[in-house]
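Work out the full structure, taking the sequences as your base and the hints as a guide.
This note's numbering numbers the first residue of the sequence shown as 1 and each following residue consecutively.
Note that these hints are calculated values from the structure, not bench results. These numbers come from a predicted model, not from an experiment. A hint or two may mislead.
Label pairs and their in silico Cβ distance ranges [said to hold, decoys possible]:
(1) 94 <-> 48: 21 to 27 Å
(2) 4 <-> 87: 27 to 33 Å
(3) 113 <-> 49: 15 to 21 Å
(4) 28 <-> 122: 32 to 38 Å
(5) 92 <-> 52: 17 to 23 Å
(6) 29 <-> 121: 30 to 36 Å
(7) 113 <-> 1: 31 to 37 Å
Even glycine gets a Cβ: it sits at the ideal position worked out from N, Cα and C.
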Amino acid sequence: MDPENVVRNFCKAFERQDIEELLDYFSEEAVYENVPIGAATGKEAIRTTLQQFVVPGSEAKFEILWLASSGAAVLTERIDHLTIGNKQVSLRVMGTFEVSADGKLSAWRDYFDMAQLTAQIS
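Shown next, in the form of structure tokens:
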């Protein structure tokens, strides 16, 4: 599967806020890193991290502003609109995705300004 389509589909799936669906996109040994926060390795660790941002029944959207790909690497500039606790957050994010030959995410790294996030949730 084309890496760019995998990433576009993953970003669209985030809107449904179904953690099991999201986990299906990852390989077993995948790494998910929110760079200001730290890395999670493996699906169970990724589940724990995603539970901070995936709230069934809430609204979420990854608004892709730019997307570029080269081989297995896909880069996104996004505005992530999320519910964190009882707050609505819009966070500018640069994301790097690595997609394996079998169409699974082997790595996902997001870079964002922690001060921007903190200002919106405090």
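For each hint, the structure was consulted:
Range check, residue 94 to residue 48: about 23 Å between beta-carbon atoms, so the 21 to 27 Å window is met. The supplied range of 27 to 33 Å is met by residue 4 and residue 87, whose beta-carbon atoms lie about 32 Å from each other. At about 19 Å, the CB distance of residue 113 to residue 49 agrees with the hint of 15 to 21 Å. Restraint check, residue 28 to residue 122: a C-beta distance of roughly 36 Å satisfies the suggested window 32 to 38 Å.
Residue 92 and residue 52 have their C-beta atoms about 18 Å apart, which keeps the hinted 17 to 23 Å range intact. For the pair residue 29 and residue 121, the beta carbons lie near 31 Å from each other, so the given range of 30 to 36 Å is met. At roughly 32 Å, the beta-carbon separation of residue 113 and residue 1 lies within the given 31 to 37 Å, and the hint holds.
Of the numbered hints stated above, none is contradicted by the structure.
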